[in-house]
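*Asks:* In case you want the letters, here they are:
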Amino acid sequence: MTEPVPTRSTPSRALSPYGESSGANLADILERVLDKGIVIVGDIKINLLDIELLTIKLRLLVASVDKAREIGIDWWEHDPALSSGADRQNSLKEQNERLRAEVEELRRKVETSERAESAGELPERGSGGRRRARETDREPGTEPRRPRRRKDDAEDRDRNQDRDRDRDRDRDRDRDRDR
Amino acid sequence: MNGPLLSCLSYAYAVVRSSDPAAQRAQAALAGVRGVADAPVTLVRSGAVAAAVSAVPGEEFAEGALKAHLEDLDWLETTARSHHLVIETLAARTTVLPLRLATVYLDDSRVERMLVERQEDFTALLDRFDDHVEWGVKVYAEIPAASDPAEPGPSAPPDTGRAYLRRRRQHRQAREETWRAAEEAVRRTEQRARGLAVERARHRPQQGTLARLPGENVTNDAYLVPRHAAEEFRDRMLHAADDLPGVRVEVTGPWAPYSFTAPLEGVRQP
Numbered sequence: 001m002t003e004p005v006p007t008r009s010t011p012s013r014a015l016s017p018y019g020e021s022s023g024a025n026l027a028d029i030l031e032r033v034l035d036k037g038i039v040i041v042g043d044i045k046i047n048l049l050d051i052e053l054l055t056i057k058l059r060l061l062v063a064s065v066d067k068a069r070e071i072g073i074d075w076w077e078h079d080p081a082l083s084s085g086a087d088r089q090n091s092l093k094e095q096n097e098r099l100r101a102e103v104e105e106l107r108r109k110v111e112t113s114e115r116a117e118s119a120g121e122l123p124e125r126g127s128g129g130r131r132r133a134r135e136t137d138r139e140p141g142t143e144p145r146r147p148r149r150r151k152d153d154a155e156d157r158d159r160n161q162d163r164d165r166d167r168d169r170d171r172d173r174d175r176d177r178d179r
Numbered sequence: 001m002n003g004p005l006l007s008c009l010s011y012a013y014a015v016v017r018s019s020d021p022a023a024q025r026a027q028a029a030l031a032g033v034r035g036v037a038d039a040p041v042t043l044v045r046s047g048a049v050a051a052a053v054s055a056v057p058g059e060e061f062a063e064g065a066l067k068a069h070l071e072d073l074d075w076l077e078t079t080a081r082s083h084h085l086v087i088e089t090l091a092a093r094t095t096v097l098p099l100r101l102a103t104v105y106l107d108d109s110r111v112e113r114m115l116v117e118r119q120e121d122f123t124a125l126l127d128r129f130d131d132h133v134e135w136g137v138k139v140y141a142e143i144p145a146a147s148d149p150a151e152p153g154p155s156a157p158p159d160t161g162r163a164y165l166r167r168r169r170q171h172r173q174a175r176e177e178t179w180r181a182a183e184e185a186v187r188r189t190e191q192r193a194r195g196l197a198v199e200r201a202r203h204r205p206q207q208g209t210l211a212r213l214p215g216e217n218v219t220n221d222a223y224l225v226p227r228h229a230a231e232e233f234r235d236r237m238l239h240a241a242d243d244l245p246g247v248r249v250e251v252t253g254p255w256a257p258y259s260f261t262a263p264l265e266g267v268r269q270p
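Listed in order, the protein sequences are those of chains U and E.
According to my numbering, the first sequence is numbered sequentially starting from 1.
According to my numbering, the second sequence is numbered sequentially starting from 1.
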């Protein structure tokens, strides 16, 4: 290799989605340095799950941080997982809805246990019920073959994490088969 | 805020061979390079292998600080680019095993110990990567928007129900044709890689600029290619979609073999 910096032929450059002279755009670099490369646990331990979370988020970032900001991708400022201050930025409406849901939940629990007491049965485990309901609500649909749009990604970020992990497993399996 | 132990840490970028010619080449390559935190990069040698290492400030790379910094996109970009620069500089002169971002040790002696423990694995991988490069191959398709087909122009006659349905149908056909062309492009890149590439790794398609930039990234692959076939591989890929409307192939690299280091983890041996 005479030149480490990626080069591209004219046609490709003309078609480059990033308009950069080098093929080594930030997204290409990040997916390699964060997602690939040999993992050795050094003395300073980084939680690999954090890194995984980061790489999933970073898929939203393609051309450059500036470009992402231009487009309006600023999850690192609003995502609770990435910013401790994010909760404060949640809209009042969201907080309100959450509180209302909790009140509703409590009311239901009280009613259930009252009914159970009068019937002489054990009360149903309220939190379990709630969790089940939420899971059903979040049941992922079939995985689309096509890349999803940014807006969906932002909305479905949480549930995507699990699925991405599965997809990673599939991808690794594919890769093994390819060998 | 940190104890004296953390005042300076050793950041490891990559592993190379420590035999004389290889290490000399690596050292020469590193002479003009600044790594993460703008520090000079040196080789820590141990047995048959060596690691490219630089000193980094403890207050920036200790556990808590590092976690916080990873969330700072500007910091992450700077660090990732520095990390990559060291690796690609080395890759231009010798065979390298790239380490993941932010592999940090308390000091150089800890790096040495790691090299001793992993020597066999590293040597096997280095053998595999000798005279190979990684190419990135991405297929993009410019899919017409999924939403409503374009409204008729102001001069067009008033829309009839039939005209509307025809427009919808044409629009759907255009979308389907582009997807078919994209699938064909993917098939061709796979086909053209055969006989030249020795391994393939799939990355997730890149997303996020859809709102602004033309095209959806349909596949995002990496191929490990012997150096003697590298140029031919690139040419083949660049022209894989020449006659396919709405589809283009982007080739990046040559990269150090970032995408092919996984088997070392011991879970999956090739």
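Quick caveat, the hints were computed from the structure, so don't treat them as lab data.
Cβ coordinates follow ideal geometry from the N, Cα and C atoms, glycine included.
Just to be clear, a hint being listed does not mean it is correct.
Ranges of calculated distance between the beta carbons of each label pair, as one might list FRET restraints [stated by the list, open to error]:
#, chain 1, residue 1, chain 2, residue 2, range
1, U, E105, E, E117, 49 to 55 Å
2, E, H69, U, V41, 15 to 21 Å
3, U, E104, E, R113, 40 to 46 Å
4, U, V41, E, A68, 55 to 61 Å
5, E, K67, U, R108, 50 to 56 Å
6, E, R34, U, E104, 46 to 52 Å
7, E, D107, U, V39, 50 to 56 Å
8, E, D74, U, V39, 21 to 27 Å
9, E, R202, U, D43, 49 to 55 Å
10, U, E105, E, K67, 31 to 37 Å
11, E, A229, U, V41, 43 to 49 Å
Some chain E residues close to chain U (C-beta under 10 Å, calculated; not the full set) [unchecked claim]:
#, residue
12, C8
13, A62
14, L66
15, P98
16, L101
17, L106
18, V111
19, V116
20, R118
21, T123
22, L125
23, Y164
24, R172
25, Q206
26, A222
27, D243
Reference listing, derived: stretches of chain E covered by chain U, where coverage requires no fewer than 3 residues with Cβ under 8 Å from a Cβ of chain U [said to hold, decoys possible]:
#, region
28, 75–82
29, 249–258
*Asks:* Would you list, in rising numerical order, the hints stated earlier that this structure does not obey?
*Replies:* 3, 4, 5, 6, 7, 9, 11, 12, 19, 21, 23, 24, 27
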